[in-house]
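Protein chains: 4
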Amino acid sequence: MKNVAIIGGTGYGAIELIRLIHSHEYMHVKKIISHSQHGEELAQVYPHLIDFIEGPMEELEIESLKEDVDIVFFATPAGVSKKLIPKLEDSTVQCIDLSGDLRISSQEQYENWYGKEAAPQHTLDNAVYGLPEIYKDQVKKAKVLSNPGCFPTSAILGLIPALSHKIIAANPIIIDGKTGVSGAGRTPSSMTHFSETNDNVKPYKLGKHQHIPEIDQYLSVMAGESISATFTTHLIPMTRGLICTMYSQLTKDISTDEVIKLYQSYYQSHPFVRIRKEGDFPATKEVYGSNFCDIGLHVDQRTNQLIIVSVIDNLVKGAAGQAIQNVNLMNGWDEQHGLSTIPMYP
Amino acid sequence: MKNVAIIGGTGYGAIELIRLIHSHEYMHVKKIISHSQHGEELAQVYPHLIDFIEGPMEELEIESLKEDVDIVFFATPAGVSKKLIPKLEDSTVQCIDLSGDLRISSQEQYENWYGKEAAPQHTLDNAVYGLPEIYKDQVKKAKVLSNPGCFPTSAILGLIPALSHKIIAANPIIIDGKTGVSGAGRTPSSMTHFSETNDNVKPYKLGKHQHIPEIDQYLSVMAGESISATFTTHLIPMTRGLICTMYSQLTKDISTDEVIKLYQSYYQSHPFVRIRKEGDFPATKEVYGSNFCDIGLHVDQRTNQLIIVSVIDNLVKGAAGQAIQNVNLMNGWDEQHGLSTIPMYP
Amino acid sequence: MKNVAIIGGTGYGAIELIRLIHSHEYMHVKKIISHSQHGEELAQVYPHLIDFIEGPMEELEIESLKEDVDIVFFATPAGVSKKLIPKLEDSTVQCIDLSGDLRISSQEQYENWYGKEAAPQHTLDNAVYGLPEIYKDQVKKAKVLSNPGCFPTSAILGLIPALSHKIIAANPIIIDGKTGVSGAGRTPSSMTHFSETNDNVKPYKLGKHQHIPEIDQYLSVMAGESISATFTTHLIPMTRGLICTMYSQLTKDISTDEVIKLYQSYYQSHPFVRIRKEGDFPATKEVYGSNFCDIGLHVDQRTNQLIIVSVIDNLVKGAAGQAIQNVNLMNGWDEQHGLSTIPMYP
Amino acid sequence: MKNVAIIGGTGYGAIELIRLIHSHEYMHVKKIISHSQHGEELAQVYPHLIDFIEGPMEELEIESLKEDVDIVFFATPAGVSKKLIPKLEDSTVQCIDLSGDLRISSQEQYENWYGKEAAPQHTLDNAVYGLPEIYKDQVKKAKVLSNPGCFPTSAILGLIPALSHKIIAANPIIIDGKTGVSGAGRTPSSMTHFSETNDNVKPYKLGKHQHIPEIDQYLSVMAGESISATFTTHLIPMTRGLICTMYSQLTKDISTDEVIKLYQSYYQSHPFVRIRKEGDFPATKEVYGSNFCDIGLHVDQRTNQLIIVSVIDNLVKGAAGQAIQNVNLMNGWDEQHGLSTIPMYP
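Residue numbers (the UniProt record's numbering), protein chains in the order written: chain P, 1 to 346; chain E, 1 to 346; chain A, 1 to 346; chain Z, 1 to 346.
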């Protein structure tokens, strides 16, 4: 049994970690750390947790982390983990960073897109990008793990088989992203105010989203050529769920059925990716609460485009679930441990 | 390991049973039976089930049920189980009826409210009403179990401690019910059409709801006097969740704090009922996907009323979860087995 | 053509006034006054207003109000209009207060429920409560008008015919209120955060809602005896719409049909109240965007209760629309002028 | 005053026409015709219409149409108007077809995409495509008017200025469409069932949507070269609203500001198109209930793409509002008559 600390205890990432770890046999949440609300009971902030959490949230102390826990999850806003993870590098603690701090390998790029000072270069270099369907071997050996962003998870899983088999051109690639509101976190704002978000679709951060360099970086590495994808994001009146609809030019004559077979083969040993049959496209609710990424494929013969639809639950495969999948691999446990539930439907 | 059959395989009750049984170590879904869609794969109707269900849905055959399974769940519309359960009475099969067919002990009352012919009287007499917080001893010995309705579960759990301690008058009792749309099932209708249900509250079945006689019958039995509660229902633009706000006249001078202590004491050995602190009232989402019934209490001194707020997930504690809780007790398993998950929030 | 100023320009009350006054032939919005955002264009805050509003929002200046406008709408939080209206008393300006500052005739009661210092007693005494279906004659002569709260409008219109005909007992009266989120205004908070408000019903302010003394005061006056109603409120995942389901004891043997006729007669000269037929209960969306109050009635013979369902659009009949209805009467215009639109459905 | 008949009286197109015509001074709804529900009162189907509609719905009789009305709106499913409009060709009745029957000029294309027999070729040839921002002169002279589809309206208005100025390549053009559920009409189905549509995004009809040939046809005509756009559609959990996010390759070096100026100039005499400022992208709710099409523009310099966001209310500018705009032009009335309302927000 490994002891776990969660930093950023009152955010949605943290409470989803708590929910999932509760069903995990090899991990136990020992500390919940909150900068703003330490001393309070988490169940007073989140009454759904009544009877599940004992004791108050704690203040951060690096030394007690090193002594008391084996694994630290950083469910923190950008700019926090980059300062804390270097302080844990001399310990045996496994660090899982759910923020974007360690995702961009270039300090300059990070600073351009995030508008904050980057992590030390050696911390960036040591961090493993935790997309296990692509980097499973590296993840198994990781000590510092950078958990992917929600949109990059959906987009990269959807595009990589086609790119690596070079059945689509590297440019232009269009990624039209649509997300539920929980992706914006728990801090109230006019952007996420119910009265104006309900019955509405809002495009946001066009051309400015901090997931753009993350998507480009990993697509480029995996395709072996430089990719600049066009990426937009839309806020949808739903709590959970994220969908990327992606468009790219086919480089060869290929049928939908052949593309589906190629994807099935690519992901055959990856239990969390489900490839849909011809004519069947995933809806976000069909992965609700689960760690699945479901992918639908369509060759649009009129326009010679490959259309890829990729859905995840932004809080599970897009955050906490993928973090646990990574921890499972890092510790030699079954990759699916604690994550083998059926999506909640309807 | 017990083998299970689910009859009514394409309804929401059935798929919620499948979701919950998937995490249950002592049950295995052997047969999914569908009158209208046998021969089809359930995952084609419900793609979220891809990789979880093998083989097609089957046609009903009573003899093969008797041979192949230990437990049968009836997730069927009114009027089906009353015909089938009598045919299983000479076998060892445990029958769990999620429909209303066996809930009303008087044939005449059933026929008045349901507009259908009632079950045989001996079948009604043998069925145990599966509200384990009240009837745990009977449930443990049941062979035919009548699983309570969603509104009655919420209403009865909310009212019984006050009624049995006689701190409220038996009449008038007002129950204002509000439910998510999944309670109406999966058959499309103008009542549940998104465009008209979204951004709308619709009162329905005022004075006519078939849960009225069920609520009255069990409240009366448990209070030891005849109760006719006023009960209304409202359709709310949400998928899951049910809330009853209840009003009754206090018979004695008592504080909110004292009422809370009385409720905590009443439910202290019942893990699925959580009594909230003074000033804290449960929201439906705080039990989402879980088997909890959360109850908030308020003594309104201006009007000498006790206000009780009781919330459940209509598909879990209001249907499939409670069914599994009952099966756990009927088989000597831990009451919480397979049901100890944290509510999904947000 | 009367010139109008709206104070509290960035709230929902203000923008609903702007929407409705745009279709009003005898009023013109001359000034939009915002304490926090003067100097800005309202269409930058609310892009739906592009092409409809000219010039920036202004700072409040009492003297220029007196000179430049004929009518001032106060769409301000509690505690603002009580200070400003006394400063306009020596002018000819008509003041319409959409806040609660002038609704409670007792200073002590206001201070108990609102937690703020009350308006001067003579200002309270001079203000007319603007529920035109009850106080039309007084409204016609008003110079300072106190526009009713959203819940009181729905509750009082639903109860008054039965109370004034004494077909129900004055106590206990139960009012179960359910409201869309726009009633909570535009300031973001965790209460109105989309991720937690969506797919959820939240009871709030039980026993503490500031509309309680307003409801009691006017019910008591009109019934001619002291009434303390039990009133609860629930936040519903919808933007607009408000519904009160009300329960009271019948004092005589009367049928649903007779009650309906009594209500039709009571409201026969009031175009904004629509009484539904037997068995037909209004849904909130059926008055969406309109100034209607629709009322459904049911005599529950099992329990001898009269059940009343009353729905309004909280921003129209519950705020801006009723304000305009009042202004129409105060100026001798057709009561329905600018308000005769069909509800937007679906 | 012109007398109007609406055929297809119980659909959403019809009731939106009724709502809008109620505020129109030169039209009066004389007949509401329903094939399935003639003899019934429309207000029994739609209680929001109580007090607005007199008399029952009628059965269709061509001769009485010719005698009694001046304008006929066909708010009918595909396959109806193509049979009826030819029967009215020898009269003076103006025909406005809100269905897709007359939108595709090639009979073969219609039959391929709609799976039904096409209208007579001369009827197709005589019908004017009612997108007044492009075809105003033709609309003014039309007797048979084919009202555009909802997605084509949004997509074409968004793309035409860029295409006609040749600042983007004609191929590939990507149109990612997202629509509220009312676009699917009023007939209940599992696709539009609340429990499964809520909190969900569903891609549908990928590569098969019947709006594809309509978009291609008019883009090609107006661009002067053959265009095959890639078009996808997604069902969003909202009632009204439609958004197209569109992607195309820039053919020249141009800034966002320059593109905005070009669009402003293109639409300067078209009051229903609003071009947003740089960095401001329209949300669907910002045109709710109105006839506006709001367009946001972004030059994505990283990828040399022009991103266009175009939103409408699918029932207004995407159906009934545009129909009235067309009728206004056909009769020499002010183009904005009856349509100059402010969007309903929030």
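Watch out, some of these pointers could steer you wrong.
Copies of the same chain look alike in the list, so a pair counts if it fits in one copy or across any two.
[Unchecked claim] Here are the computed lysine-lysine pairs in the DSS-like style, where the Cα-Cα straight-line distance is at most 27 Å:
| hint | residue 1 | residue 2 |
| --- | --- | --- |
| 1 | Lys252 | Lys136 |
| 2 | Lys87 | Lys261 |
| 3 | Lys205 | Lys261 |
| 4 | Lys30 | Lys277 |
| 5 | Lys277 | Lys208 |
Treat the hints as calculated values from the structure; they're not laboratory data.
Now for the hints, and whether the structure bears them out:
1. Lys252 with Lys136: Classified as neither: same-chain Cα gap 30 Å, cross-chain 43 Å, threshold 27 Å.
2. Lys87 with Lys261: neither (46 Å within a copy, 47 Å between copies)
3. Lys205 with Lys261: Result: close only across copies, 22 Å inter versus 35 Å intra.
4. Lys30 with Lys277: between (43 Å within a copy, 25 Å between copies)
5. Lys277 with Lys208: between (34 Å within a copy, 16 Å between copies)
Figure legend: structure checked against the earlier numbered hints; hints not met, in rising order: 1 and 2.
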